[in-house]
Amino acid sequence: MAKIILDKLLERFTGAEILETGSQHGNEWARVAPAAWLQVAGFLLRDPALQMSMFTDLTCVDRLPREPRFDVVVHLYSVEQKHRVRLLAGLPATDPAIASLVSLWPGANWFEREAFDMYGVRFEGHPDLRRILMYPEFQGYPLRKDYPKEKRQPLLRRLPGSV
Amino acid sequence: MAESTPTQDLVTVVIDGKEHKLPKGTNLLEACRSVGADVPYFCYHKGLSSPAVCRQCLVDVKGSPKPVPSCYTSVADKMEVTTNSPKILDVRRQMLEFTLLNHPIDCPICDKAGECSLQKHYFDWDSKLARNEGIKVRKAKVVDVGKHIVLDQERCILCTRCIRVCDEVAKAPELTMADRGSHQILTTAPGHRLDNPYSLNTVDVCPVGALTAKDFRFSRRVWELSASPSVCPGCATGCNIEVHVARGEIHRLVPRENPDVNKFWMCDEGRFEYKAVHNNRLLLAQIGGKRAPLDRAVAEAARVLREALAADAKADRKKVGVVFSAGATNEDTHALARLALDGLKFERAYAAGRAFGWSDTILVSADKNPNTVGVQRIVPPPVRTERDLLSDVASGAVDTLLVLSNERLEVEFGKLRALVVLASHRGPLVDAASVALPIATWAESDGTFTNRDGRVQRIHAALGTRGDVMPAWRALALLGSKLSINLAYASAAEVFSDAAARHDFMKDVVFGPPAVPVELRFGGSRG
Amino acid sequence: MAAEITSEPGSKRRVVFGEADVSDFDESAEVPVESMPLRMGPSHPAMHGTIRMALEVDGEKIRTCDIEIGYLHRCFEKEAEAATWTQIFPYTDRLNYVSPMLNNVGYALAVEKLLDIDQKIPERAQYIRVIVGEVSRIADHLTCLGASAMELGAFTVFFYLIKAREWLWELLEEISGARLTHSYVRIGGVVGDIPEGWAAKLLSTLGKVREAIGDADKLLTRNKIFRDRMDGVGIIAKNDAAGWGLTGPVARSTGLDYDVRKDHPYLVYDRFDFDVPVGSTGDNFDRYAVRLEEIRQSMRILEQALARIPDGQILIDDVRVALPAKRETYNSIEAMIAHFKMIMDGLHVPPGEIYSFTEGGNGELGFYIVSDGTGRPWKCRVRPPCFANLAILNKVLPGLFIADVVPTFGMINMIGGECDR
Chain D
1 MAKIILDKLL ERFTGAEILE TGSQHGNEWA RVAPAAWLQV AGFLLRDPAL
51 QMSMFTDLTC VDRLPREPRF DVVVHLYSVE QKHRVRLLAG LPATDPAIAS
101 LVSLWPGANW FEREAFDMYG VRFEGHPDLR RILMYPEFQG YPLRKDYPKE
151 KRQPLLRRLP GSV
Chain G
1 MAESTPTQDL VTVVIDGKEH KLPKGTNLLE ACRSVGADVP YFCYHKGLSS
51 PAVCRQCLVD VKGSPKPVPS CYTSVADKME VTTNSPKILD VRRQMLEFTL
101 LNHPIDCPIC DKAGECSLQK HYFDWDSKLA RNEGIKVRKA KVVDVGKHIV
151 LDQERCILCT RCIRVCDEVA KAPELTMADR GSHQILTTAP GHRLDNPYSL
201 NTVDVCPVGA LTAKDFRFSR RVWELSASPS VCPGCATGCN IEVHVARGEI
251 HRLVPRENPD VNKFWMCDEG RFEYKAVHNN RLLLAQIGGK RAPLDRAVAE
301 AARVLREALA ADAKADRKKV GVVFSAGATN EDTHALARLA LDGLKFERAY
351 AAGRAFGWSD TILVSADKNP NTVGVQRIVP PPVRTERDLL SDVASGAVDT
401 LLVLSNERLE VEFGKLRALV VLASHRGPLV DAASVALPIA TWAESDGTFT
451 NRDGRVQRIH AALGTRGDVM PAWRALALLG SKLSINLAYA SAAEVFSDAA
501 ARHDFMKDVV FGPPAVPVEL RFGGSRG
Chain Z
1 MAAEITSEPG SKRRVVFGEA DVSDFDESAE VPVESMPLRM GPSHPAMHGT
51 IRMALEVDGE KIRTCDIEIG YLHRCFEKEA EAATWTQIFP YTDRLNYVSP
101 MLNNVGYALA VEKLLDIDQK IPERAQYIRV IVGEVSRIAD HLTCLGASAM
151 ELGAFTVFFY LIKAREWLWE LLEEISGARL THSYVRIGGV VGDIPEGWAA
201 KLLSTLGKVR EAIGDADKLL TRNKIFRDRM DGVGIIAKND AAGWGLTGPV
251 ARSTGLDYDV RKDHPYLVYD RFDFDVPVGS TGDNFDRYAV RLEEIRQSMR
301 ILEQALARIP DGQILIDDVR VALPAKRETY NSIEAMIAHF KMIMDGLHVP
351 PGEIYSFTEG GNGELGFYIV SDGTGRPWKC RVRPPCFANL AILNKVLPGL
401 FIADVVPTFG MINMIGGECD R
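Taken in order, these protein sequences are the chains called D, G and Z. According to the numbering used here, the residues represented by the first sequence are 1 to 163, in order. According to the numbering used here, the residues represented by the second sequence are 1 to 527, in order. According to the numbering used here, the residues represented by the third sequence are 1 to 421, in order.
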């Protein structure tokens, strides 16, 4: 984890894009405005001092009852520089959507599909945004805090002609 | 929280390095907790006097040579308080060590486990293990101190909360401390037993499992319970309560704080109101004493009432009556009034309920019905009494009745040509009924009760319904639909809005959404 | 052998077999090709841990590939949100279930960092964690190599490697009580000490394992059939590795030199002398070779760790983090209360977030944990290495033959429990 990442982010972007930064337990993190998501991520990838080419993880945190409710969290790493950063972006409870990072890191594809599947966050620009872990007829977004663990799902529809 | 109206005297107090403005005379312990300094305590209780015996709330106040008990101190201007210095943390640990020195290792069998203050404070503030070799002072363990309570003298941490409850709240000084030092025990005063009508409040305030209720003892572990807020249906005082439910069964009722109605307390009788919810319930509709499908029963009830009204109209007489219940919610009462009085134009309205009983100046009302005032305000006069009802049936002045609840009503059933009953419990009334429709009790209902002071209080359903049981307003809506009277309420909130629109006393009340039961296992941690 | 086929009257072509003059035969115009949908899985002997591949094939060649996962999704995260911190250990066992110790260790390290006790874990416990972790890693690689070899027809190799794995599992059973779902690690240390004689047994077993993989090496590495099936098949370019989030043996086979144990050492890995094998081509054979060599390197670590393990405690002494000893619990109220609250409430982890990463069997195993200060996590996310590793197959498989799917998929070592959680 390195402070240089936060320093360069604060240098390159304004307070409207990088809302907050911090360091906790050896993890550096930066809270990004959702509108600047792609821009900030692209900077981290391309800047020669940062080179964050390794896409480690993308997930979502449901902070109910806080508004903005959802936090999209991405972890990036640089194999060359050996430093890491966490980016967070807060999304509202109704119709949460954010830019997709697939154009920058192809590995983001499946991670974004999982975040969509589990939390219902849409990733704009994603080539194939559909459920990945759940079956297509599943209703609801299971990892949301208001989805009860014991909830039952409707049985799958039968295909015509099957018994 | 800390700010208040400009007319109050504010003093500046520094707590843990931060300045706060607080009203003069605020209790220091309450002040610290209100700004996030989580000072632990055992013997202090907001509704009782403060003796400062447990010494768990000690904090450092600048200028004082020794730590002061914050529960016994009021805030003063320019006071500087430290609650989290290494010294105070150590003092806290030392006090806990003293308290735990002779405490028996009873957690696996103690009812309080899971909601025990001693467990909570030890785990939050201390992690040192015992220094004595396990040799503890032995005292009496299963002492029958009263009608409802068992005392375990070893577990008692000598906080004296129970003594103060009996002295100050129940005005019956039945408990006292005896002996001294590490042999000090809680016991009943000579010649007394702990059997005042508020004795079970001592079990609520006891921070540990020294005083346990015979009724709840060993019946359920606390973390299996979920709590729902409600109001006691035992009398017209309307003490606010919590209903503790596990696996679809109520295990106990405990008081909920309301500074205007019951403060922190409730009477013992009210606590046993939950027993009736599970015994002898009517779960399925009946026609003439035999089980019937719900829709047939509703159709039959409609037919019976229609016939009776037609017979009345033909003979130009008024022999159909409706009996309201002083134990039903405002919503059920309103729905019945809309159906029977506005819709079907019954001319005889009666109100019946539980018989009056004893009362005192502390909490208990003589009127043992939770909603007498509500019925009085919703049902337009004239409303006849139960005695009138008995004599009217006997004399033949009324021969068809639509009855809500009132399951122990004893009229001469033989004289009635038809009896439609909406009841929650079985009994002679249901057996004699032409049609009986099962309805929900207070514990399964969302609604409101009006207490003796006209205060409208919300009750929340703590349980789901079984069988064909439904809230009375919904049963009445079904009945109405068969009688061409539109009472299409979709929820209790809608019934409430309808009632509030017509009755001033409900106008300013907020109904609110249904309460989600809080699991008690998260009470200590998730809150 | 040339054969003349007389065509029907009115037909257009005369096809002559065996002749070289079919160069003007326009395949796509004459024989219109429709790709055939071929679905492999989820019940398929070679689809380890249930995967469904929706393939469109053109003859034997794969045109497009869409991998469907989720058949083994058991709601790890949702269950973790309802369980106390210690109750999550059995769930972590079932993530990468061929190397469960590594998952246990990864999760414990994450929570310990949030508790700020990661520097206070007793040294002996750290050595034990390294030892059982490396044994688990060897078992993972043995399973992968054995199963893949079997799928290519090398049954003997499978038996040799599975027998070796069996010796290791016997040792792990002795130390933890279970062959596979150990739940051996706790927050603050490990749950039981190394039994007497176990270290000596492990050393002698390592010798036997070394022989077994030596045999497998001799049977496979220069075996023409094996090399023909694996060389140049399933090539992943080094430049792709980081963008796709590849880690572990799959990434190292492409030439990307990244191993968490070396680059960001945790526990006591920085005290050991070991190498990290890195491939060059990124094909199936490189992945096989990297894993084979990693087994040998893990054995090096084990020998050094067993020689240097210090005496001492195996669990931290704080009753707010680790359960007190039973002797204390039954004889003092303080330990009884601590035991009670630890089990019922869960230990209280201060509010915060952390991303903690270790080298799992398949690569960077990350735990992103969010705590709200109570005894249960607010969120406990697993960053599964083989989730990212598997995703690239949608790009790698098109262009390969159906027969290549089996070794390529096998060498990715997708473990269903980890990918789907």
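Since the hints were derived computationally from the structure, they do not count as laboratory data. For glycine and all other residues, C-beta sits at the position ideal for the given N, C-alpha and C. Incorrect hints may appear among the rest.
Ranges between beta-carbon positions, derived for each pair [unchecked claim]: (1) G:Lys290 x Z:Gly373: 20 to 30 Å; (2) Z:Asp372 x G:Ser85: 22 to 32 Å; (3) G:Gly467 x Z:Arg39: 26 to 36 Å; (4) Z:Gly373 x D:Ser23: 14 to 24 Å; (5) G:Ile109 x D:Pro148: 28 to 38 Å; (6) D:Arg46 x Z:Ser280: 26 to 36 Å; (7) Z:Ile343 x G:Gly467: 53 to 63 Å.
Quick rundown of the hints versus the structure:
1. For G:Lys290 paired with Z:Gly373, a C-beta distance near 58 Å fails the hint of 20 to 30 Å.
2. For Z:Asp372 and G:Ser85, the hinted distance range of 22 to 32 Å is satisfied, since their beta carbons lie about 27 Å from each other.
3. At roughly 48 Å, the beta carbons of G:Gly467 and Z:Arg39 sit outside the given window of 26 to 36 Å.
4. At roughly 20 Å, the beta-carbon separation of Z:Gly373 and D:Ser23 lies within the given 14 to 24 Å, and the hint holds.
5. Between G:Ile109 and D:Pro148 the beta carbons are some 33 Å apart, a value that agrees with the proposed interval 28 to 38 Å.
6. Taken as a hint, the range 26 to 36 Å holds for the pair D:Arg46 and Z:Ser280, whose Cβ atoms sit roughly 27 Å apart.
7. In this structure the supplied range 53 to 63 Å is violated for Z:Ile343 paired with G:Gly467, their Cβ-Cβ distance being about 38 Å.
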